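2 protein chains.
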Amino acid sequence: MKILLTNDDGIYAEGIRALYNALTDLGDITVVAPDTERSAVGHAITLSDPLRVKNVNRGGKFFGYAVTGTPADCVKIAIRAILRDRPDIVVSGINLGPNVGYSVLYSGTVSGATEGAMLGIPSIAVSLGTFEDPDYSYAAEFAKKAVLLVAGNNGLPKGTLLNVNVPAVAREQIKGVRVVKQSARAIEERFDKRQDPRRRTYYWLTGEVIGSDGQEDADLETLRRNYVTVTPIHCDMTDYGFLQLLKEWKFEL
Amino acid sequence: MKILLTNDDGIYAEGIRALYNALTDLGDITVVAPDTERSAVGHAITLSDPLRVKNVNRGGKFFGYAVTGTPADCVKIAIRAILRDRPDIVVSGINLGPNVGYSVLYSGTVSGATEGAMLGIPSIAVSLGTFEDPDYSYAAEFAKKAVLLVAGNNGLPKGTLLNVNVPAVAREQIKGVRVVKQSARAIEERFDKRQDPRRRTYYWLTGEVIGSDGQEDADLETLRRNYVTVTPIHCDMTDYGFLQLLKEWKFEL
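Residue numbers (the numbering used here), protein chains in the order written: chain X, 1436 to 1688; chain V, 1436 to 1688.
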């Protein structure tokens, strides 16, 4: 199996190394990841600047390419310019912090897998549900299972990826795996208004995860109850439910 | 009506001015837009840097706030920190260039409207189908009609926005308005591999719009046939069609 790894915490992050180690006996791994942290970049791509690529050797067999771009850039350039063969699967992560609810749209980790899905390659994003003291070992083990399951089921529908979130608790406290929908909201944010040393105002975004309007069966609440969540995400953002109603509206030139 | 305008071409762009002029007699307009062009930023938000806000007066009644961030940042900071009252509608654009197919995921213009939808405000993204010699006049006129239609229908479903694309042809050549789905693909890209003056390699993303796998009824092909396209886009990226099938997969801890 030919595996492409990326992430948004950067090629030197602990999470991508844990992923590398867990997947290494499944086949040939190539790591193409941002040279520095690129969190909350959404599905950004770099159009107005050139990209540079640098070889990185983190010791052991971990060899990869650091790119001066976003996770989506990394997957694009890996497939279009770096790799000789098309990968069989793209795995993005392991992200430090959960990617549930609307965070899915902001997430660089998810966008790495989204780019893979756009290019027609089965793709998985993996995130760990904590921002502090991460232990990636079980998330990496589960990522391996997910890769094998995707391979065993002959891939994923075109344009669809799996968004996996693993609770940050001890292995024996994890209750199971649930296939769930994305929740509608997850973050309540505000801006801190501050003054710099030259007395000019600046704003800093801050926020906290809140509830998700009682969506007990969606990703946020399910992860909170210590289940691994698996959500199929697709690149077609059409609201099909509303599409038919909207056709009744009287749009005129 | 209280209207919030943003875009991704920046507060000094021609497209947002055209939008401002077209909507000005509908109510109170506030412009909060990036201080420079932020194209293809996806749904990025700025977490690791502060945001600064500067008053901008472009002459006439056009007064606004330039933000050192992305379109999503602009909508967030407008609603959370700048505006006294919550807007009734968010309009993002008019973008120089179409936003159809997978471009919807890369688009800063769409992400401005997506952020509005996430915050529970009816939102519209408007793009013009050309990158050269833009004439925004009809797109601006249509944007006004769309705003009135959204207001007349009491808004949009929670988490859903309208993605509007206007063909860049003379008014009399526009054939009508079509409510359509997002197409599955729109761009074929490659990387130019070049050498800088110091003989170091760099890569530059380039590409062209191609077909969309025969999706005649979707946004790309419909816009090409000179119809205005209106696509309802939502923030829930769950692939519901595949969700039920995926529940049959044997995920295990």
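Mixed in with the good hints, there may be bad ones.
If chains are identical, the list can't say which one is meant, so a pair holds when it fits in one copy or spans any two.
Capping the alpha-carbon separation at 25 Å, the derived lysine-lysine pairs in DSS-like fashion look like this [stated by the list, open to error]: (1) LYS1610 to LYS1628; (2) LYS1616 to LYS1593; (3) LYS1580 to LYS1616; (4) LYS1489 to LYS1610.
Keep in mind the hints are simulated off the structure, nothing from the lab.
Quick caveat: nothing in here was measured; it's all calculated off a predicted structure.
Evaluation of the provided hints:
1. LYS1610 to LYS1628: neither (41 Å within a copy, 49 Å between copies)
2. LYS1616 to LYS1593: Both ways: LYS1616 and LYS1593 sit 18 Å apart in one copy and 16 Å across, limit 25 Å.
3. LYS1580 to LYS1616: Answer is within; shortest intra-copy Cα gap is 20 Å, inter-copy 35 Å.
4. LYS1489 to LYS1610: This pair counts as neither: shortest intra-copy Cα distance 41 Å, inter-copy 50 Å.
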